Every structure is written in structure tokens, then in C-alpha cells.
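Numbering (our numbering), first residue to last: -3 to 406.
Hints listed in this document are in silico derivations from the structure and should not be mistaken for laboratory results. Source: prediction; values computed, not measured. For every residue, glycine included, the Cβ atom is placed at its ideal position computed from N, Cα and C. All the pointers check out, no bait thrown in.
Below are the DSSO-like pairs computed for lysine-lysine, each with C-alpha atoms no more than 27 Å apart in a straight line:
| no. | residue 1 | residue 2 |
| --- | --- | --- |
| 1 | K257 | K291 |
| 2 | K141 | K188 |
| 3 | K260 | K173 |
Distance windows between CB atoms, simulated:
| no. | residue 1 | residue 2 | range |
| --- | --- | --- | --- |
| 4 | G337 | V396 | 23 to 33 Å |
| 5 | P19 | G136 | 22 to 32 Å |
| 6 | E285 | V40 | 29 to 39 Å |
| 7 | E285 | N338 | 28 to 38 Å |
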Amino acid sequence: MMEEPSLTGTSSNEPSAESIVCPECGSKMLYRAGLRYLEDGNTVQRWLCRGCGYRFSQSDDARSNRPQRLSTIHTQSLNRATALGYSRQVCDLAEESKNLAEVETRQETASREGTTLSAGAKGLITQFMAWCEAEGYPKGNSYHKFLGRLVRCGANLLDPQSVKETIGKHNCKDGTKMLFVYAYDAFTRMLKIQWEPPKYRQEETLPFVPEESELDQLIAACQGKRMAAFLQCLKETYADPGEVLGLRWIDILGNIITINKPVKRHLPGQLQVSNKLLAMLNCLPKTSERIFPTKYQNILECFCGVRKRAAQLQHNPRLLAVQFRSFRHWGGSMIAHYTNGNVLTVKKLLRHKRIENTMKYISMIHFKDDEFEVTTATNVEEAKQVLSAGFDYVAQKDGVMLFRKPKRFK
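Construct the entire structure; sequences and hints are all you get.
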């Protein structure tokens, strides 16, 4: 009978936690992320980096006591449908009970959508990826992923009617259904299939805009330097998370950060940042060409843990609604307020290609009377200091000038 491995102790040939370093960022702040069970019955310790969220397994070479660069395993989430087919026991030391209802729901979803693609569907999707590259589609587009989801939901890619029915029944927003239609429309052009695409319209919704104090609470709750610097960079550059992940060390010159790899519908640009952000970036190890050498999914998983911990410490459930793009939404609303709704200034700083994307930030926030900080000044010198602190002039009464600024912005 096989002896059950210990979750807390270490074997004689297992290196200590102090000798383990993250192969992505070099940090030694690691969590034990359970055990990986091999086919031969052995186990391998899994680790999760608290700094960048990178997940990896222990190297087979445990004979040396020096810090090792460890072998990497797949980093996909265990909550995905493809991971539910394996018989594993996931232990959560923070919770004594398992949420069996949630597991059963995921298993039902996995059985309904399927977990694998047939050989014919894989061949068509591979052919489609090569065709997109030859036709000059943007590198890294996700059309093939949408086709894979359609196949897993039971659609026949060679039957347009089946695809239309599958898209219509899919439980998602109309904006997501539009992406399914765009992906299959490109697929039909490759195979020269005639079809009438269904018409969906993008829903117009206002984004969630947090307060600046809430963003600062999230940054202060980070236990790793890399995550804190990443969030501070999002706050000061108003950039998309994909743009910040693509930043290189050569993109920093003095206190100017250049964004040369914009995402879709954004323009390249330069922004001036604070000395605080520069100091945080200079504390990071320069072991890679990129400032943040990690994947989006890894840093997102790490941010979810930071967000949950901050919400519990601050007793503020609003923090759970903050996403990476919420930093950009806050920046856009702040610029719109301080420029009195100057659309061109907001468009320039947010680097929008189309002015329609900028209009949603204009008059998006309406402040209440109790959401302002108020101060006064009696002479010109005091008024200059108050204005430099971000206050706006309101009125003058009995020789005293009144100023105010929203509590949302410092």
C-alpha cells in the first residue's frame, strides 16, 4: 500500500523552500501549491510565486543545495473543463469543506460542451490559422479559439445553419456573439461557403470606476514588488494590461515611458510618470528584456488573490469589482473631470483611435455634494498653493475664496 505523501513536511532529497526560486522573476516568496501525481506513483511538489503568479513544479535534480531554476509545467487553470476529467484531490488548507455543488456544475458544463476536438475539426482549425496568417490578420488573433468553442458546443463548422443555432443558444452577451460571427465569417471566406451572418449589436454599458483610494489600497495590499509595480504602472499610464506587459526596459527614458506595442484600437504614445513609479521599477530584477516577463493569465491569478485579500482587510466589497482595465477607466474619468470634458485631451492621453470610444468618459461621473473636499484661501499666494494641489475655484464670499475637488481624485 502506497504511503500517503505529507503536505507539510519535506523528504530527505527535497530541497528546502529557501533554495527554491521562481524561474520567471527570481523571487523566493513562494506558496506550496499542492502535489503533482505522476504516472509511476511518485509525487512532485508544485509551487506558486507570490510575486508574479507563476506556477511551476520542482526540478528532478534535487542533489544540489544551490538555488535552482525549476522545470515548468502547464499553467492553465484547474477549474477549466479540460482538467475535470482527471481524478485528483485538491486540498485547500484554508477551507475544510469542498464545494461539491460547484464541481458538479462544472462537470455538467464539461460534459455538455465536450472536452476534446475531433481530428477533422482540429485539421480545419489548423488550416484556418495558416490562412489567417497568409491573409495578414493580426498576429495572435483569437478567431481560432472561438471556432474551437463552437465545436465544443456541438456546432458543425461545415454547416452554417448549425453554427447560427449554436451561437444563438450560447449563454453569453451579444458582444461576444458578434466575435463568434466574425470568426466564422472569416472561416467561410476561407472555404468559400455561402451564409447569411446573424446580426448582433454591442451592448452599451458604463464601466465600473473605482475611487483612487481603492486603487491605492490594492497596490498597498500587494506582497510582491512586481505586482505592486505593475498596478502602479497601470494607474499612472492609463494603459491596457497587455500594453504594460509588453513594456521593455529600453522604453523608459528618464521619467518618460513609451508605449510602442499598443493593443487594438489604441495608438502608441509617451507618458510622463512619477518618481515613485520609477523607484518601484528600478527595484525589479533586470533579468529579461521585458519589465514584466510573465503571462497575462499568471499575473491575473495573482491579482485575484490580492484583490480578495484587500477586500477582506478593508471590509470593502467594491474592491472585488476592480479589474485591470478599471485603472484605465479611473484615469479616463479623472482626465475628463480636470479638463472639463475636453474630448481631444482625453483622446490623446488614452491614445484612442476613434473619438467614439472617448465619449463614454465625458459626463460619466456625477459627483454629489458630500463627495468633495473643500478648502479656502485669503490671498493670492494661498490660492496658488490650493490650485497646485488640484482644487478648483468655486466662488468668493466676504473676501475668502472657496475651492473644492472630488474625493475620488487626490
